[in-house]
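Using the sequences and the hints given, assemble the complete structure.
Protein chains: 2
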Amino acid sequence: MERYSKADAWNIIEEGFDPQKNKIAESLFSIGNGRMGQRANFEETYSGETLQGSYVAGIFYPDKTRVGWWKNGYPETFDKVINSINWIGLEIEIDGEVLDLHQCEVLNFNRTLNMQDGYLSRSFEAKLTSGKIVKVNSIRFCSIDQDEIAGLRYQIEAVNFSGKVKIISYLDGDVRNEDSNYETKFWDFVRDHDDQDTIFLQTRTLKTQFDLAIQASNKLFSNNTQLEVAGEVVRKEKFIAKHYELSIKQGEQISLEKIAAVVSSLNYNQEDLYAKSAQILTAATALGFEKLKQNQAEAWTHKWAEGDLIIEGDLLAQQGIRFSIFQLYQTYTGKDARLNIGPKGFTGEKYAGATYWDTEAYCLPFYLATSPVEVSRNLLVYRHNHLQKAIENAQTLGFTNGAALFPMVTMDGTESHNEWEITFEEIHRNGAIAFAIYNYVRYTGDEKYLTEFGLDVLLAIARFWKQRVNWSKDKNKFVMLGVTGPNEYENNVNNNWYTNRIALWCLDYTKKLLESLKVADLSSYEIICSKNSFEETELSDWQNIIDNLYFPEDKSLGIFLQQDGYLDKEDLTVSDLQKSERPINQNWSWDRILRSPFIKQADVLQGLYFFEEDYDQETLQRNYDYYEPKTVHESSLSPCIHSILAAKLKREDKAYEFYLRTARLDLDNYNNDTEDGLHITSMAGSWMSIIEGFAGMRVKNGKLNFTPFLPESWNAFSFKITFRESLLEVRISKNTFRIQNNSAHPLSVVINNHQQIVNGESEINYPLKEMLIKS
Amino acid sequence: MERYSKADAWNIIEEGFDPQKNKIAESLFSIGNGRMGQRANFEETYSGETLQGSYVAGIFYPDKTRVGWWKNGYPETFDKVINSINWIGLEIEIDGEVLDLHQCEVLNFNRTLNMQDGYLSRSFEAKLTSGKIVKVNSIRFCSIDQDEIAGLRYQIEAVNFSGKVKIISYLDGDVRNEDSNYETKFWDFVRDHDDQDTIFLQTRTLKTQFDLAIQASNKLFSNNTQLEVAGEVVRKEKFIAKHYELSIKQGEQISLEKIAAVVSSLNYNQEDLYAKSAQILTAATALGFEKLKQNQAEAWTHKWAEGDLIIEGDLLAQQGIRFSIFQLYQTYTGKDARLNIGPKGFTGEKYAGATYWDTEAYCLPFYLATSPVEVSRNLLVYRHNHLQKAIENAQTLGFTNGAALFPMVTMDGTESHNEWEITFEEIHRNGAIAFAIYNYVRYTGDEKYLTEFGLDVLLAIARFWKQRVNWSKDKNKFVMLGVTGPNEYENNVNNNWYTNRIALWCLDYTKKLLESLKVADLSSYEIICSKNSFEETELSDWQNIIDNLYFPEDKSLGIFLQQDGYLDKEDLTVSDLQKSERPINQNWSWDRILRSPFIKQADVLQGLYFFEEDYDQETLQRNYDYYEPKTVHESSLSPCIHSILAAKLKREDKAYEFYLRTARLDLDNYNNDTEDGLHITSMAGSWMSIIEGFAGMRVKNGKLNFTPFLPESWNAFSFKITFRESLLEVRISKNTFRIQNNSAHPLSVVINNHQQIVNGESEINYPLKEMLIKS
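So the sequence lines, in the order shown, correspond to chains A and B. For the first sequence, position 425 (counting from the first letter as 1) is numbered 425 according to the UniProt record's numbering, and the numbering increases by one without interruption. For the second sequence, position 73 (counting from the first letter as 1) is numbered 73 according to the UniProt record's numbering, and the numbering increases by one without interruption.
Just so you know, the hints here were simulated from the structure itself, not pulled from any lab data. We put the beta carbon where it would ideally sit given N, CA and C, even for glycine. Zero decoy hints are in this set.
If we take Cβ atoms under 10 Å as the criterion, some of the chain B residues that face chain A in the derived model are:
hint	residue
1	W69
2	K71
3	F78
4	N418
5	N491
6	K569
7	R592
8	R595
See the structure below:
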């Protein structure tokens, strides 16, 4: 762990430049707007360690699969969001010397991510080898208001000299990925163009044929007076630049405002990209950099009004949770159902910007509560759009009759992953996708979604589970063989309790929905049956499985067994491990991990989290007490579930302790891997720890429920959520639970099992201590 | 299946040239002498489909591991025997036109592998585009008499013209492997040299620094009269050639005799390779091609006298078994304990020429019976030489106290494989290596081997098993979790019966050996204890495991269970599969294979084969009847074990049917993969089917036992074996079992449970029908 930045409620602040940590900072200070993401690479030349990353969501390249030993059924390619045209690029020359922070003395370096207003700024003084000192201030943002616009302002002041400054502002499409499997190139040149002050570059991905075009305007100023300088155009391969040569006087500040319009064939015809970008850019430059920056701040104000979370009395925690919310909002805005949330968002190459079950299991709750309903709806529609491919995917694995297996890792519905134990066997993802539909409807009440989209997906998933189990003569039950549960430290096990549990739930939920729809809305029912070639006899097959699915358990211990044979393992807990052995995934060979009792992340407990209403506290307690001590939490998605369950068990210290593990995971580079990118999806877990754990928020029977507590070291915490069109603000302090209803209509909420009405435009204050004493 | 060659008792004959099948022929007609192997590539230029292969045993390159997702413990490299200096290379130009069978009309093409005398010959007429016809005869061999020598004679006759012929005889070290993981180069140039008629090239493997040097002499003849032609030397990168320009008259035959001395740093100092090769080559050229060829024939006569197997009345079977024996002898001669037997020998790149458990489980019986005792002894010493690396290998997986895990795939003791379910979990190989020691001692009576080498290995393996099991509180037994058995269509299973069985046997055998050695030879015992830091308390730990190891079984079915939970699978047999689904490894996704009941190769049955004396016929029968119908035999190592067990169960038709599956596996390109190389190790299985199956040969209490039968379609079969220094010839016909003792001393054998004495230099004829009626 290293405390990387200064404590601050609204800003991430780096003071002083440490080249060793530059890649970490490049991740931390990433900016994005759901449509594009940009690592905090320097605008100007940098010859030190860096991971260049300019990503455009939805634009990906199918990199040829690399695998040691091919298994039948593996996908041919791994689809990855790739490093794209670099729009921030500048080269600064002072009297012929290139400004490069790796080659000169750097003074007063400051990098700040302003989360309130949504921009990244940087300032420093560079002492060149010539002894000349320049002072630089830069600011940049990806507009969340207008998501095809990004802008930067770069200011250079001549501190102790007068001379020549050359500013090269470029668009560079000759970029590569560090994780390219075969060092192949991903991009082809399409066209470029230049105009008065603008440059334009269009490139195309090989194979997938996505066109990306960026048009950038350049305006130069001397101490705020615009300069009329004719730039010279220079072209290289997939590269276009304007060269500006200027004189600079001691004390003078030369500024460049570069505004970029970023458009792609996702949204326009390939031939129209020049015209479209010109049109968007013209409008944006008409507004000007300052106005665009203002709009950005306003857009962020609006976001924070929907989703801010205030922690009183703990500045580091405050900074951590704001950073999480900020990055989640930057990663996914829900405007486009073709986009999704990569585990590292668009802040690095790892996990390829692709979609995992993280979205449904961990991220959805955040967007449900903190964004308009369309946002989470689009997360669901994303999977519905992939249904046909999921059916085809299942077919390649031998399934029939419209059974669907959604991919483990995907961009557009095509499976990308190639470890058999994951790709083919970590099938519980299908369950999470189904559960997300339930979760969405539970939270939003949007039942129309089911007939429009949801039931198609549920039905195909139910069909998958139906075929994935088989009858065991030996057990006289249905069994599910050869799966990998959420605990990926077990592979190819039989009867993983969690997978069986969520499979049964899927069958039951889908069956009940279909049965009630038939009664409530026969014509919709008939449409769904017809378009999915659904036969009612399937229901009795499902019921047979529901009635006869095997669940491993141990009656004497009173626990569900993670899988068949789990009790054959050595009976150890994490306290039996030496410090030097941890994390075991870095210190033990894979087979040793597999046969050990150690658990990567919640597995049985993930099931008890999802289906908590089916289990009493004692059952939860026994399973928690059995499994948590065996859990090494080597997934950043593990602590949040344990935090929420610990809170439910009234183990508030434990709940807080688990929350802390991810609260500042990236800010403090806890796992020493922040340089690869940020743990975006586990940020949603931190948020869940607070909302579902500390505040104990649930939706039951269409009502919000809370069973709150306040971590000892905090004075209070409060958060905004939207529930069924009411914008609410909840504040939990030592003695009081306050809920403020900012909508016009009254809302019924349940606090510590006591129903309360909060009238429109009013608040209630509910005494907490009292309730705790009572209960 | 395609019948590739003409039926013939001693030759493999291809008539007519089919470029489509050239790579198959290149494998089939491979020649070798244990020290080197050479695919049947053409000497002259060939621009059609070809897999070039000149391999030198023991010279390998550590190709950087290619893997999709790294698992802790994987080896960094995959060691592979690599394509080396091409010594056969010629280029022939007729009046400026390059002779290339892919570019001209080919008439009367014949390729023959003469197994009796050990050479490959080829003849054809080529009609060039110019209309000129040349007639070519070539012969080549790798000398098994003198294993650093190879030779070829290439004869060109001008059929219908007079003109110029240019012969370029070269050594080409600028070669590559088709299976190179990263297209890296494997070889560096060291030096070259040329002399009167010789060329010399020395290259060095990168990383491993093996030097290989070949010196070749070239003699030219016109109609058997030696020509004095000064060749011109031409060099290219890692390439040296002599160019000879000659006139040829219609009807004249020009011959080139090229003799190559192949030496390496395995046997000499790198600096001495020129001198050594010169010395060897000088001696060889002094003998001349014809004499070398004669010596080769004599050496092969000697081999066949030790190991021939004659099948009367079935020419195809005769050809098949001779081909198997020939290839086994070509692959391994047992002169050098650093060498071993790759599954494809040195006939292709697949399996990298590396050592698998095939050697111990399938090949050892062949060499035990058909070669001097040193040959099998060296197969064992090979593993002893790797003991320290096997201990280190186990250490990287977390084992301690001198426990050894021998690698799954290796050249020099370093693990090469990188599939976790195989590398880390297919640990039964350790058992086969231990069993081979037992098998060797049982056959040869060479108990000294145990104190000298064997016990070190057994002890380290026993220590491995001791640590690999763990106590299951649930079962109140020791269990072995997370293994892959011989049936690789199951991965990461618990309590694989076979693995548990062989582990228990290892512990028991080693313990008993140590206990009896302590009584019989205390000082040897103490030496072994001391050098292995062995504490006697270990024995009681072993005994505890022997007494309490869990074995899955089903009492009602009366069978051992392949692993925990095997009975949860669908109760199907191979007859339930559609023809279009087979082989399932090409038609089903991996997960489907894994959760299916289908078995790749003998697993429980492999244990019943190894430990047959511990199980009665009824037990064998129940298990055979349960498992064989579920076995898809998608390993070429599967049918032989089933053949032997079927013979034991007196199911002679079945035994014969299984034998047939591999009898001509490559000759008839049964699995459509012969182009990759020959199935060398399964050839040993074919031999076993006949010897252990049909002849029912076993060694029990130091005596040979036979329970013979004759396949219906054969008239008789006979074979040579050496047992305890007696060269024996056994012949089984319809009515008579004949055994001829070619040694001086009498031998006691057991035929159908009846003990018989065969006096020295005499034979007995034992009536079979009668015995069968009696029994």
